[in-house]
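Asker: Sequences and hints are given; from them, build the entire structure.
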Amino acid sequence: MYKSLSVLLISSVVLAGCGQSRLNPLNWFGSATTVEAPDPARPEVNPLIPERSRITARDTTYKGLLVADIKSMKVERIPGGAVVRVTGVAAAQGSHDVRLEALNDGAPIDGVLVYELRAVTEEQRTRTPGKVGNERTRLITAASFVSDQALARVRSIEVRGQNNALASRR
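Count the sequence shown with mature numbering (1 follows the signal peptide of the UniProt record, and there is no 0) and you get residues -16 to -1, 1 to 154, in order.
Check each hint, because a few of them may be wrong.
Computed list of lysine to any residue pairs in SDA-like fashion (alpha-carbon distance at most 25 Å, straight line) [stated by the list, open to error]:
1) LYS58 / SER128
2) LYS115 / GLY145
3) LYS58 / LYS115
4) LYS47 / ASN88
5) LYS55 / GLN146
6) LYS55 / SER140
The calculated label-pair distances, taken between Cβ atoms and stated as ranges, are [as the list claims (entries may be wrong)]:
7) ALA91 / THR121: 28 to 38 Å
8) ARG154 / GLU20: 50 to 60 Å
9) SER140 / LYS47: 20 to 30 Å
10) ALA127 / PRO31: 36 to 46 Å
11) SER(-5) / LEU32: 38 to 48 Å
12) ALA91 / VAL67: 15 to 25 Å
13) LEU50 / ASP132: 41 to 51 Å
14) ALA134 / LEU50: 35 to 45 Å
15) GLY64 / LEU87: 20 to 30 Å
16) LEU50 / SER152: 44 to 54 Å
No lab work stands behind these hints, which were simulated from the structure alone.
Beta carbons: idealized from backbone N, C-alpha and C, even for Gly.
Answerer: What follows is the structure in structure tokens.
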């Protein structure tokens, strides 16, 4: 009885002694104060994260050229839309960063959705002409997803290359 009473008395004295200190758990959060509301026009920026970095900075303009010939095009239905898959033949070996770019930001013109097959060539990268090689070594493939909402306004999909174009109709 005396032991528990003494422990209770000592702990209450210690707790009362740290009334305004950070050790008192009842003091950890003070009363609410008025603060300035954030301005929605000025986004909050973390000063520890750099806005630009030399390591991750990339050129934003795409320098790809039209691929020489379009060999095949398939429109494959998938849930939620379709995938347009195009295979082309580059003028020389070493083409990379192949993209299927939609013209007019993907909006169809008179029901026709137009794409261009583009690639960055070895000659652009090294300033020396790439090897021609046989056709199988110059094949490149790219694909793009088209949603059901976009397909609702499309009657035909056309893919253009430098020398030819292929179209697929509904």
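Asker: Return the numbers of the hints above that this structure violates; sort them in rising order.
Answerer: 3, 13, 14 and 16
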